[in-house]
Amino acid sequence: MKLLLALIRRDLALMAGRPGEWLMPLAFFLLVALLLPFAIGPDVALLARLAPGILWVGALLASLIPVSTLFALDSADGTLDQLMVRGIAAETLAAARLVALWLGFGGPLLLAAPLAALMLGMPLPMLPPLLAGLLAGALGLSALAVIAGSVTLGARGGAGLVALLVLPLAIPMLLFGSSPTEPGALGLAAATAMMLAAVAPFAGGAALRASRG
Amino acid sequence: MRFPVLGPIPAMAAPDLHALANPLRFQRFATALTPWLLVLGLAFMTVGIWRGLFFAPPDYLQGETVRILYIHVPSAWFAMGGYLGMALAALAAMVWKHPLAALSVRAIAPVGALFAAICLITGSIWGRPTWGTWWVWDGRLTSMLVLFLLYLGVIALIHSHDDKARGLKMAGYLAIVGTLNLPIIKFSVEKWNTLHQPASIRLSGSSIHPDMLQPLLLSALGFLLLFAGLVLVRMRTLIAEQRLEMRAMRRAARAG
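As given, the protein sequences belong to chains A and B, one line each in that order. Just so you know, my numbering puts 150 at position 150 of the first sequence, and the rest follows in order with no gaps. Numbering-wise, my numbering comes out as the position in the second sequence, counting from 1, plus 213.
Hint data in this document are derived by calculation from the structure and do not stem from the laboratory. From a predicted model like this one, the values you see are computed outputs, not experimental measurements. Yeah, the Cβ is synthetic: ideal placement off N, Cα and C, and Gly gets one too. Possibly wrong hints are sitting among the right ones.
Said to hold, decoys possible - Derived pair list, reagent style EDC-like, types lysine to aspartate or glutamate, alpha-carbon separation capped at 20 Å:
#: 1; chain 1: B; residue 1: K404; chain 2: A; residue 2: D77
#: 2; chain 1: B; residue 1: K404; chain 2: B; residue 2: D351
#: 3; chain 1: B; residue 1: K310; chain 2: B; residue 2: D376
#: 4; chain 1: B; residue 1: K399; chain 2: B; residue 2: E458
#: 5; chain 1: A; residue 1: K2; chain 2: A; residue 2: E91
#: 6; chain 1: B; residue 1: K399; chain 2: A; residue 2: E182
Claimed, not checked - Pairwise CB distance ranges, derived in the manner of DEER restraints:
#: 7; chain 1: A; residue 1: M126; chain 2: B; residue 2: K310; range: 46 to 56 Å
#: 8; chain 1: A; residue 1: M195; chain 2: B; residue 2: D375; range: 25 to 35 Å
#: 9; chain 1: B; residue 1: A378; chain 2: A; residue 2: A163; range: 19 to 29 Å
#: 10; chain 1: A; residue 1: R156; chain 2: B; residue 2: V252; range: 37 to 47 Å
#: 11; chain 1: A; residue 1: A132; chain 2: B; residue 2: T346; range: 32 to 42 Å
#: 12; chain 1: A; residue 1: A27; chain 2: B; residue 2: A378; range: 19 to 29 Å
#: 13; chain 1: A; residue 1: L5; chain 2: B; residue 2: H372; range: 35 to 45 Å
#: 14; chain 1: A; residue 1: R49; chain 2: B; residue 2: P270; range: 37 to 47 Å
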């Protein structure tokens with residue numbers, strides 16, 4: 001447990017030192033919210049209706065950005081090898097990265113979401129359930145990022161491959177999360193995210209081990 | 214461990230499935246089986262589709278267009294079943310570290326993707342006269358599209374790793390995660406929006422008239438045999454490819 005906390009703290013400190021990793025998804029998210037009104041016109045009623053969907057699509061696309069550096073940097077400079085040679089389980093590393101990403105990616109996202117919602121004119125009573133959905137969604141998206149980042153470790157392929165791996169698996173969360181006022185939808189979004197978060201450390205850990213051997 | 218009560222167990226009592234795990238023996242077995250699977254599969258499929266097209270009664274609501282179901286439904290079944298089979302192979306590869314199991318992930322993926330594509334195309338052709346559009350955001354059609362994308366992800370991941378064995382492993386993990394997620398995707402997408410008729414054939418029985426069910430089952434058996442035959446062809450190709458590479462490497466080592 002202490003080890004896990006130390007690893008999470010290390011990951012967060014590294015993230016804070018590389019603003020590109022958390023600022024970039026944030027800027028990307030706001031850009032999506034900015035682009036859509038340009039694309040579909042400034043009709044206030046239409047934008048308000050589309051706002052939850054736009055925010056969710058923005059969050060989904062933004063979650064793809066950290067994937068390519070998620071484990072690749074630690075793998076390139078040998079940190080991953082060092083930690084694993086010391087006997088730290090790959091699953092622990094993946095779990096720590098999952099929590100750090102949830103905090104480091106989900107936190108800024110939740111701060112930016114109200115701003116974007118206001119810009120799109122989303123009705124205010126809808127904001128709390130949408131934010132709750134995004135909080136759960138960020139956990140699930142971080143889990144998918146951990147899985148995608150570990151299975152593509154050492155692969156050619158790039159952003160297109162990551163999108164192909166992550167987006168189909170994120171569809172249930174998108175469906176439940178973007179209609180947060182429907183009865184039961186929030187609970188289902190949270191349940192899906194937790195299922196992914198439970199699987200991700202094991203899939204990610206196995207893939208991290210496979211990437212070394 | 215032997216149970217003395219049963220007496221000595223005859224040596225050939227049950228086929229030893231472990232024997233097939235030997236790649237050479239598997240090659241021999243697959244070589245013998247492949248033509249049978251392909252020929253029988255084609256035969257069953259032809260008879261099933263022929264009976265479906267010319268002898269089965271038209272549907273009282275959908276008329277003649279319903280006949281596409283003899284292609285559409287079997288391809289949907291085995292696109293889904295194929296994904297499950299691929300994930301089970303990946304699980305076996307992970308637990309027993311057997312190279313043939315890992316290789317079968319790569320053998321199954323494109324065949325499953327092909328079946329999913331057939332299902333999508335026939336569904337779209339059928340949707341035109343029945344629903345009036347080529348594509349509707351119908352739950353069951355959309356979840357088949359997601360399945361197709363999941364197959365593409367597995368195939369892309371296999372080929373994006375330069376180290377082939379590692380690519381197979383990584384794709385296996387992805388397939389296992391996908392299988393855990395697949396029921397959720399199906400449930401969520403079908404809850405989201407559905408125009409599609411519910412499944413007519415369930416474990417508890419079928420609501421289809423026997424005159425339509427019989428050709429459907431014949432055609433499904435044909436599709437299943439063809440699926441297995443195509444996978445075996447691909448397995449043999451992949452094993453042969455692997456041996457060629459090994460030979461080239463040995464030759465290079467000797468020359469260098």
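To see whether the hints hold, each was checked on the structure:
no., hint, verdict
1, K404(B) x D77(A), "46 Å, violated"
2, K404(B) x D351(B), "10 Å, holds"
3, K310(B) x D376(B), "16 Å, holds"
4, K399(B) x E458(B), "41 Å, violated"
5, K2(A) x E91(A), "15 Å, holds"
6, K399(B) x E182(A), "19 Å, holds"
7, M126(A) x K310(B): 46 to 56 Å, "51 Å, holds"
8, M195(A) x D375(B): 25 to 35 Å, "32 Å, holds"
9, A378(B) x A163(A): 19 to 29 Å, "25 Å, holds"
10, R156(A) x V252(B): 37 to 47 Å, "40 Å, holds"
11, A132(A) x T346(B): 32 to 42 Å, "36 Å, holds"
12, A27(A) x A378(B): 19 to 29 Å, "39 Å, violated"
13, L5(A) x H372(B): 35 to 45 Å, "39 Å, holds"
14, R49(A) x P270(B): 37 to 47 Å, "46 Å, holds"
Comparing the model with each earlier hint shows violations of hints 1, 4, 12; every other hint is respected.
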